[in-house]
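Residue numbers (this note's numbering), protein chains in the order written: chain A, 1 to 578; chain B, 1001 to 1138; chain C, 2001 to 2262; chain D, 3001 to 3116.
Simulated from the structure, these hints should not be mistaken for lab results.
Remember, predicted model here, so these are calculated numbers, not experimental data.
Among these hints, one or two may not hold up.
As the list claims (entries may be wrong) - Estimated spans, in silico, between C-beta atoms of each pair:
hint, chain 1, residue 1, chain 2, residue 2, range
1, C, W2259, D, T3103, 39 to 49 angstroms
2, A, T269, C, G2146, 34 to 44 angstroms
3, C, W2259, D, I3114, 50 to 60 angstroms
Said to hold, decoys possible - Computed list of chain A residues with no C-beta within reach of chain B, every gap over 12 angstroms:
hint, residue
4, N30
5, Q149
6, T176
7, G177
8, T269
9, K293
10, G317
11, D361
12, A369
13, A426
14, D540
15, P571
16, E573
All residues carry an ideal CB built from backbone N, CA and C; glycine is no exception.
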Amino acid sequence: MLSHDILIVGGGGAGLRAAIAVAETHPALNVAVVSKVYPMRSHTVSAEGGAAAVISPDDSLDDHAYDTISGGDWLPDQDAVEAFVKEAPRELLQMEHWGCPWSRQPDGSVAVRPFGGMKIERTWYASDKTGFHMLHTLFQTSLKYDPIQRYDEWFVTKLLVDDGRCQGVVAIDLATGRVQGIGAKAVIVCTGGCGKVFPFTTNANIKNGDGMALAYRAGVPLKDMEFVQYHPTGLPFTGILITEATRSEGGHLLNKDGYRYLQDYDLGTPEPRPVLRSMELGPRDRLSQAFVKEQEKGRTLQGPYGDYVNLDIRHLGEKIINSKLPFVRELCLKYENIDPVKELIPVRPVVHYMMGGIHTDIMGATPLAGLFAAGEAACVSINGANRLGSNSLTELLVFGARVGKAAAEYAARQKGNGTAVAAQAAEEVERIERQYRSGGGKGERMAEIRRGMHTAMESGAGIYRSHAALQKSAQEISNLQNRIQGIRLDDSSRTFNTELVAAIELSYMLDVAEAILASASQRTESRGSHQRTDYPDRDDDDFLAHSLAVRQPGAAPAIEYQPVTITRWPPGERVYGR
Amino acid sequence: MSANPQHTPYHPRWYRAPMPIFWWVRRWIHARFILRELTSIFVAGYALVYLLQLRALGMGPEAYGRFLELLQSPLSISLHGISLVFVMYHSITWFNLAPRALSLRLGGRRVPDKVIAGLNFAAWAGMSAALLWVTLTG
Amino acid sequence: MAVESLAGNVSETPATGQTVTLEVFRYRPEEETEPVYQAYEVPVHKDWVVLDALNHIKDHLDGTLSYRWSCRMGVCGSCGMMVNGDARLTCATFVESLLPGPIRVEPLENFPVVRDLVIEMTDFMEKLESVKPWIIRDEEKPLEDGEYLQTPAQLADFEQFSMCINCLLCYAACPVYGLEPGFTGPAVIALAQRYNLDSRDQGAGERNAVLDTDEGIWQCTLVGECSEVCPKDVDPAAAIQRYKVSSTLQWYRNLLMPWSSK
Amino acid sequence: MMKRTIEPFWWSLFGAGGTLAALFIPITLFINGLAIPLGWLAAPDYENVLQMARHPLARTYLFLLISLSFYHWAHRFRFTLYDGLQLKHLNLLIAVICYGGATVGTVAAAYTLINL
Ligand SMILES: Cc1cc2nc3c(=O)[nH]c(=O)nc-3n(C[C@H](O)[C@H](O)[C@H](O)COP(=O)(O)OP(=O)(O)OC[C@H]3O[C@@H](n4cnc5c(N)ncnc54)[C@H](O)[C@@H]3O)c2cc1C
Ligand code: SF4
Ligand code: F3S
Ligand code: FES
Chain A
1 MLSHDILIVG GGGAGLRAAI AVAETHPALN VAVVSKVYPM RSHTVSAEGG AAAVISPDDS
61 LDDHAYDTIS GGDWLPDQDA VEAFVKEAPR ELLQMEHWGC PWSRQPDGSV AVRPFGGMKI
121 ERTWYASDKT GFHMLHTLFQ TSLKYDPIQR YDEWFVTKLL VDDGRCQGVV AIDLATGRVQ
181 GIGAKAVIVC TGGCGKVFPF TTNANIKNGD GMALAYRAGV PLKDMEFVQY HPTGLPFTGI
241 LITEATRSEG GHLLNKDGYR YLQDYDLGTP EPRPVLRSME LGPRDRLSQA FVKEQEKGRT
301 LQGPYGDYVN LDIRHLGEKI INSKLPFVRE LCLKYENIDP VKELIPVRPV VHYMMGGIHT
361 DIMGATPLAG LFAAGEAACV SINGANRLGS NSLTELLVFG ARVGKAAAEY AARQKGNGTA
421 VAAQAAEEVE RIERQYRSGG GKGERMAEIR RGMHTAMESG AGIYRSHAAL QKSAQEISNL
481 QNRIQGIRLD DSSRTFNTEL VAAIELSYML DVAEAILASA SQRTESRGSH QRTDYPDRDD
541 DDFLAHSLAV RQPGAAPAIE YQPVTITRWP PGERVYGR
Chain B
1001 MSANPQHTPY HPRWYRAPMP IFWWVRRWIH ARFILRELTS IFVAGYALVY LLQLRALGMG
1061 PEAYGRFLEL LQSPLSISLH GISLVFVMYH SITWFNLAPR ALSLRLGGRR VPDKVIAGLN
1121 FAAWAGMSAA LLWVTLTG
Chain C
2001 MAVESLAGNV SETPATGQTV TLEVFRYRPE EETEPVYQAY EVPVHKDWVV LDALNHIKDH
2061 LDGTLSYRWS CRMGVCGSCG MMVNGDARLT CATFVESLLP GPIRVEPLEN FPVVRDLVIE
2121 MTDFMEKLES VKPWIIRDEE KPLEDGEYLQ TPAQLADFEQ FSMCINCLLC YAACPVYGLE
2181 PGFTGPAVIA LAQRYNLDSR DQGAGERNAV LDTDEGIWQC TLVGECSEVC PKDVDPAAAI
2241 QRYKVSSTLQ WYRNLLMPWS SK
Chain D
3001 MMKRTIEPFW WSLFGAGGTL AALFIPITLF INGLAIPLGW LAAPDYENVL QMARHPLART
3061 YLFLLISLSF YHWAHRFRFT LYDGLQLKHL NLLIAVICYG GATVGTVAAA YTLINL
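Extracted from the complex, chain A is given alone in its bound form:
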């Protein structure tokens, strides 16, 4: 069995930041990053808009905290948010020192742009390829630290738990098909989100909730899983994201009559120039919900891929579009054959982000000793019921750095692995080996199961939810859990067997889907992105609390609750545009 002091699962923004934090604070520890794709392919690469941190003199940490908390409909833990906003500027500056090409003001200082739900402009950006630049900067910077080792294109299938602590993983080396146990004193899960549980998403093919499922199977609760963010502006068909920066630069959302319909949904009155926390710069949950309402009124447009509205950025002019939104133009030209300089962009809400995730404390530690988590896979929680755009990239850095330090401190105190772990690893190796041999068999195609899951999630856990639909979907997912046991695999090769990987990913997604549906059906209130048609109001008496889904083998998960930490901002009304 291979072995390291610290093992990080995931080479996205969070994983790489954590690895660097370990290397910098505890250079004697040996840290390895396991990733199922080369790190620079991780989905952080596709983030466009920017990363939030207080930098301008008229801004304040309290403002950032308040925007985050109210944006999250008072579900974020306020101690976590305070730590987050405090450490955010330092982390983004650190990125600057590592070479991230932040866009600049004429005098050479870092430029900021406004973003949805924010009172003051505080989003740092690198053109509209912020995530791309951040990920490549982090990856390239990580190369200079000798203690950081990598397992590129290794796919983790199990967390090894013995003696009440997590002591490593089992992973498949995709190129050779070798299944291998890797021991560790601490494991950090940074596997990103799970958008692929839904059919229509901005998320990449690799976002299957792997880490959430791995932790869930190891007995760790998943927190706030009912909160799924729909981004209001995705391209129909592909789901490719049109960044919020289009709206912060001054883009308008228009219904089929060319009317800025957001004014009908308590989001303010239209002004020609963008107004912060108003209209198009309202939070994502409210904008996506407004779309559904427009749809019900028959005021959306119909296209081959369903209903849509138009995003108008023509009035910004070619110069602004080319300098601040070049990627948007490229995507529209390449994937929709429209030129946003002259034409309207068709958009519709699209599944984008998981507010929920692996339950961790403010340092990224999970209830299972030795297991840590950060990034989109984790729920600290700073995002509550709705994440504000550009808080996630910053979260990767702040909590990536924190979790790296916390895990390093923990690992420095631990001894090596027990023998039971090796036996457990051998067992898992045998299980995967059996799956290889099952290739070439008969049975249902994976695509059928996936389609079933997509239908269930879309009808049950969409923008608006109801008891009946959630129950039906939960039943369906439980059927699929049985059906996946007998799926057909064509491929029995060991070399780069992507079919086997996809099958395991599908099983991860079903677990995550189960947790989402169960958490959603227990939360009989509406808050942020979780909107119940049968319980339209927020209910602070019963639900100012995080849900914790705990896996029950062979049964629906048990849902427990944990109160929200309130420090200085008592729950209030979410007010936008007034």
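With chain A held as given, fit chains B, C and D with the ligands onto it using these hints.
Frame of chain A, contents of chains B, C and D with the ligands only:
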């Protein structure tokens, strides 16, 4: 498909496509590249002819006259015709690639590649005209 | 009611009724020593890219086909393949533009093939690391002192070269890399140049040791195809060419004023 | 810092030669190799040509044009042999032939022009 391939588990045998000696005939863009490289033969070839002409010039009017006569032969004319095509190709590709080597900025903005290439072509035309003028008036 | 008609599962989009044949390069190291081509008949959907067609094959026709992909929006860099002989991102190449077909899909040229459309790229990763693609400074400024100032013009000096998504199309297009696998290659040199030209960096000298060599920039004969195929307009050929210019100037400077060099 | 390679030197000759050749060879070739032999242009008077060619500036120009064109060829052709015919293993031999040839040509040009 050949029989009995060797494969040990955990050590994938990579397939490496061999690069044929004449790889550049398979694809037009590569053939174009080799053609560009071959223009150098014509550049040097003409430089040699020119040198010989200068040598004849130094050897006196008769020698020079004989050389000019040689230039009038059909063989010479056709070789020069072909060479002209190649040296023109050299000039065109050379000037088109010039912006790659140069990054000029004026007033904080990068001079667009098209402009740099354009200036090169203008210089080419200007120099050619100058040489022609010298020849005609000289 | 919830948004019900969200189509997004690409296989469920309206088909045009036509079909097209994909001739796909197959290589299964356990079974064969030489690659073969396998033909698949795939429905034509408007708006489908070649990657969607491959996914259709994988989901419905043959689960054994292996290839890499992730973002489907041209930014992760994993889906590069040869499409009808050209190095392309398959997520950015529309099937419609290749009709009536057949469409030949092969792994990126000049790399060893691990399996089917998956190429071996550790060579590239090692080269990438060898040029020290991170900010190198004699002295780090403490974070408390804020950012390094960098004007938009200084940013523009290297921005283009920072756009590389490591898709390797340029390596597949560069015959010199095919002939000389030791060649550092276009994307890596462009990346080195990205740091050299960054006003915050002082590491050009260290990178020179790798780049100003026979396997580095001097291997390039300016074929220029790397820049032609680059989906992100990085223009690695320009990066290399400018590097040659500055190295040459430096060479003469060292020759004429040996005392001025370190 | 120590330089590992002499490539920059060859490359600068190649580049300079390429530029001079690109600017001047087509028109020179056209005038002397085609236009005059074909009678499209009248051949200039012998004495005139000689006078002009003897001017120090002209000699310098002619020397650079011819010599650098040779080096341009030498460098390019060397790599064409390496890549186009995959002869990299004959590295040294090819380099000696190419650059050696250009050097011989350069000496010949100098000799001719000095004695003009
Ligand atoms: C299109 C788009 C635009 C966005 N724009 C913004 C924005 O402007 N601002 C903002 O703040 N946020 C934005 N976000 C959100 C943000 O980008 C993500 O939340 C964040 O990048 C997630 O980073 P991560 O490090 O947690 O995970 P990822 O970057 O997704 O990385 C996950 C890593 O885990 C690895 N992994 C997963 N499973 C396994 C396994 N089983 N075995 C081994 N390795 C595994 C993967 O290989 C990968 O390296 C955007 C998101 C999307 C989709
Ligand atoms: S330079 Fe262009 S073609 Fe080459 S790897 Fe980078 S993005 Fe791809
Ligand atoms: S194609 Fe190759 S030879 Fe140079 S210009 Fe590009 S690297
Ligand atoms: S799938 Fe990411 S670039 Fe094509």
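Cross-check of the supplied hints:
Taken as a hint, the range 39 to 49 angstroms is violated for the pair W2259/C and T3103/D, whose Cβ atoms sit roughly 30 angstroms apart. For T269/A and G2146/C, the Cβ-Cβ distance of about 39 angstroms falls inside the hinted range of 34 to 44 angstroms, so the restraint holds. At about 35 angstroms, the beta-carbon gap between W2259/C and I3114/D misses the expected band of 50 to 60 angstroms. At roughly 24 angstroms from the closest C-beta of chain B, the C-beta of N30/A stays outside 12 angstroms, upholding its exclusion from the interface.
Every CB of chain B lies more than 12 angstroms from the CB of Q149/A, the least distance being 19 angstroms, so the non-interface label holds. Here T176/A does not stay apart from chain B, with its beta-carbon only about 4 angstroms from theirs, under the 12 angstroms limit. Not every C-beta of chain B lies more than 12 angstroms from that of G177/A, the closest at about 7 angstroms, which undercuts listing it as non-interface. Against the 12 angstroms criterion, T269/A stays outside the reach of chain B, whose nearest CB is about 40 angstroms from its own CB.
Remark: the non-interface label on K293/A is consistent with the geometry, its nearest Cβ contact in chain B lying 47 angstroms away (cut-off 12 angstroms). A cut-off of 12 angstroms between C-beta atoms confirms that G317/A is not in contact with chain B; the least separation is 18 angstroms. In this structure D361/A is separated from chain B by more than 12 angstroms, as the shortest Cβ-Cβ distance comes to about 40 angstroms. For A369/A, the requirement that its beta carbon stay farther than 12 angstroms from each beta carbon of chain B is met, with the minimum near 33 angstroms.
Residue-level check passed: A426/A sits 16 angstroms from the nearest beta carbon of chain B, beyond 12 angstroms. Remark: the non-interface label on D540/A is consistent with the geometry, its nearest Cβ contact in chain B lying 55 angstroms away (cut-off 12 angstroms). Every CB of chain B lies more than 12 angstroms from the CB of P571/A, the least distance being 51 angstroms, so the non-interface label holds. Distance to chain B confirms E573/A as a non-interface residue, since its nearest Cβ pair spans about 49 angstroms, more than 12 angstroms.
In terms of the numbered hints stated before, the structure departs from hints 1, 3, 6, 7, listed from lowest to highest.
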